[in-house]
Amino acid sequence: MKAPDVNIEELEKLKQKNFQERLDFIDRYTKWLKKTENQKWSSQQKNFSD
Amino acid sequence: MLSKLGKMDIAFQSDKIELKNKELINLDKFVIDFTSILNKEKIKYVIVSGYISILFGRNRHSEDVDIIVQKIDFKRFERLWLKLYNKYECIITSDVEDAYNYYLLENTAIRFAKKETFIPNIEFKFPKIEVDRWTLEERKKLLINNHEIYISPLEIQIPYKLFLGSEKDIEDAKFIYNLFKDNMDIELLDDFNNKFKTMDLFNRFIK
Chain Y
1 MKAPDVNIEE LEKLKQKNFQ ERLDFIDRYT KWLKKTENQK WSSQQKNFSD
Chain R
1 MLSKLGKMDI AFQSDKIELK NKELINLDKF VIDFTSILNK EKIKYVIVSG YISILFGRNR
61 HSEDVDIIVQ KIDFKRFERL WLKLYNKYEC IITSDVEDAY NYYLLENTAI RFAKKETFIP
121 NIEFKFPKIE VDRWTLEERK KLLINNHEIY ISPLEIQIPY KLFLGSEKDI EDAKFIYNLF
181 KDNMDIELLD DFNNKFKTMD LFNRFIK
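Protein chains in written order, with the numbering used here: chain Y, 1 to 50; chain R, 1 to 207.
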């Protein structure tokens with residue numbers, strides 16, 4: 001099996017776009033945290049962390 | 001051909017990888033539940049990036065699980081959206097047309113989490129570039145305690161993680177290589193390392 005052609009410039013742009021999307025997600029998440037009771041968000045955090 | 005990894009109960013066969021007797025963590029249960037809906041809807045998807053190393057035992061957290069989903073038309077997407085909305089909601093937009101037209105078709109991911117939660121979530125996207133399309137096409141079936149999920153070929157995960165380049169990503173790459181180096185197509189791995197221009201990093205940190 002061979003790897004497909006890889007356009008590094010395109011991949012680099014995608015990496016930057018994904019990074020920006022993650023930063024946007026952090027904006028959304030922190031907004032949600034600020035309007036959510038501690039017991040609720042921390043309970044989710046506890047469940048998530050097993 | 002069946003190949004096993006010592007006492008770690010992972011069996012490699014030509015058409016699938018089988019991981020048995022895993023004590024599932026909550027993130028595994030979340031992924032299995034979400035992907036079971038995709039499986040039922042016969043929608044082709046592939047799990048990529050960080051969760052793959054967690055799945056095989058790496059001890060770290062991830063707030064999201066990246067899934068590339070075949071590009072489907074709006075009708076099919078809407079049907080999936082309604083199925084998902086029994087348990088999940090999109091935390092980026094609550095409007096199905098927005099989700100499809102202004103996010104997915106514009107190459108921006110949307111995220112699904114269990115209702116009234118934010119983490120963990122599924123980062124859901126259509127293939128954006130040729131590498132995404134290849135990964136979806138060449139996905140591997142993984143049976144985890146008999147649940148069927150589809151993951152990226154490991155040979156692309158290592159160079160891709162090296163390309164991303166954070167300490168966490170390089171550690172993930174090393175973890176996958178150490179576990180699976182005897183079960184990988186090394187020529188394909190080298191081909192990707194050359195094309196991603198990650199061979200130096202690979203020789204320095206991974207090999």
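If you're looking for bench data, these hints aren't it; they were derived computationally from the structure. Note that this is a predicted model, so its numbers are computed, not measured. All C-beta atoms in this analysis are idealised placements derived from N, C-alpha and C, irrespective of residue type, glycine included. A portion of the hints provided could be inaccurate.
To be verified - Just some of the chain Y residues that point at chain R, by a computed CB distance under 7 Å:
#1 V6
#2 F19
#3 Y29
Hints versus structure:
At about 4 Å, the closest approach between the beta carbon of V6 of chain Y and any beta carbon in chain R falls short of 7 Å, and the interface hint on this residue holds. Hint status for F19 of chain Y relative to chain R: violated, with the closest Cβ pair at about 9 Å, above 7 Å. At a threshold of 7 Å, the smallest CB-CB gap from Y29 of chain Y to chain R is about 5 Å, leaving the interface hint in force.
In summary, the structure is inconsistent with hint 2 from the numbered list given earlier, while agreeing with all the others.
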